[in-house]
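*Asks:* Please model the entire structure based on the sequences and the hints provided.
Going by our numbering, the first residue of the sequence shown is number 818, and it counts up by one from there.
No lab work stands behind these hints: they were computed from the structure. None of these values were measured; they are calculated from a predicted model. Treat the hints with care, since some could be wrong.
[Stated by the list, open to error] Within a straight-line C-alpha distance of at most 30 Å, the following computed DSSO-like cross-link-like pairs (lysine-lysine) qualify:
no., residue 1, residue 2
1, 851, 879
2, 912, 922
3, 924, 863
4, 879, 850
5, 922, 850
6, 850, 863
7, 863, 851
8, 863, 922
9, 912, 924
10, 863, 879
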Amino acid sequence: MAKVKQKREGTVTKVPASLCWFEVPADDIARAKKFYGGLFGWTFAKIPTVIQDYWHIDTAGKDASPDGGLMPRMYPGQGITNYVAVPSVNRAVAKVEKLGGSVCKMKTEVPGMGYLAVCEDTEGNTFALWEPMLRTPRKAPRARSSKGRS
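*Replies:* Listed below in C-alpha cells is the structure:
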C-alpha cells in the first residue's frame with residue numbers, strides 16, 4: 818500500500834477525511850494541563866473563543882498530527898471529540914444521515930476559521946466535521962503613478 822504524504826498547514830490537511838483537531842473536556846483545567854503536559858509533553862496557550870477558559874494544545878507533532886483544544890466539560894460524560902476535515906460540512910452531514918447517523922449540532926461558523934457540525938455515528942459515538950474557510954491571498958495594492966501631477 819502506498820504511503821500518502823501529508824502536508825501540515827494548520828488545521829488544513831491535503832489528505833481527505835483525516836483527523837485535523839481534537840477537543841479534550843476537563844473538570845479541572847489545571848489538573849488536565851499537568852496530566853497531558855507531563856504525559857506527552859504537550860504545551861498549552863489560552864486563546865480567546867466563545868468558550869471561556871479554552872486552551873490551544875500544541876502536540877509538537879513533526880508530522881501531520883493534529884493539535885487540539887482543552888476546555889471545561891460542558892455536560893457529564895462528555896468525552897474527547899475528534900474533528901475530521903471534509904470539503905463540505907453540508908454534504909458530509911447529509912451523508913451522515915443517509916448512513917444512519919444523526920446530527921447533534923448543525924453547521925456552525927467559527928468566525929474567520931471555518932465551519933463545524935457535531936454528529937453521532939451508528940454506535941453512539943460523537944465526532945465533529947470541520948470545513949476550513951478558504952482564504953484567498955490579498956493582492957498588493959497597485960502603486961499610484963505620480964505622472965501628470967503637480
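*Asks:* Determine for every hint whether it applies to the structure shown.
*Replies:* A quick look at each hint next to the structure:
Under the criterion of a C-alpha separation no larger than 30 Å, the hint pairing residue 851 with residue 879 is consistent with the structure, at around 22 Å. A threshold of 30 Å between alpha carbons decides the hint, and for residue 912 with residue 922 the separation of about 15 Å falls inside it, so the pair holds. Distance hint between residue 924 and residue 863 is fulfilled; the C-alpha atoms sit about 25 Å from each other, no more than 30 Å. With a C-alpha separation of about 21 Å, the suggested pair residue 879 and residue 850 falls inside the 30 Å cut-off, and the hint holds.
Under the criterion of a C-alpha separation no larger than 30 Å, the hint pairing residue 922 with residue 850 is consistent with the structure, at around 27 Å. Distance restraint check for residue 850 and residue 863: the Cα-Cα separation of roughly 11 Å lies within the 30 Å cut-off, and the hinted pair is therefore satisfied. Proposed proximity of residue 863 and residue 851 is supported: the alpha carbons are some 15 Å apart, at most 30 Å. For a cut-off of 30 Å, the pair hint linking residue 863 to residue 922 stands: about 25 Å separates their Cα positions.
Our distance criterion of 30 Å between C-alpha atoms is met by residue 912 and residue 924, whose separation comes to about 14 Å. Proximity of residue 863 to residue 879 is assessed by CA-CA distance (about 22 Å); at most 30 Å being required, the pair is judged to hold.
Violated hints: none; the structure is consistent with every hint.
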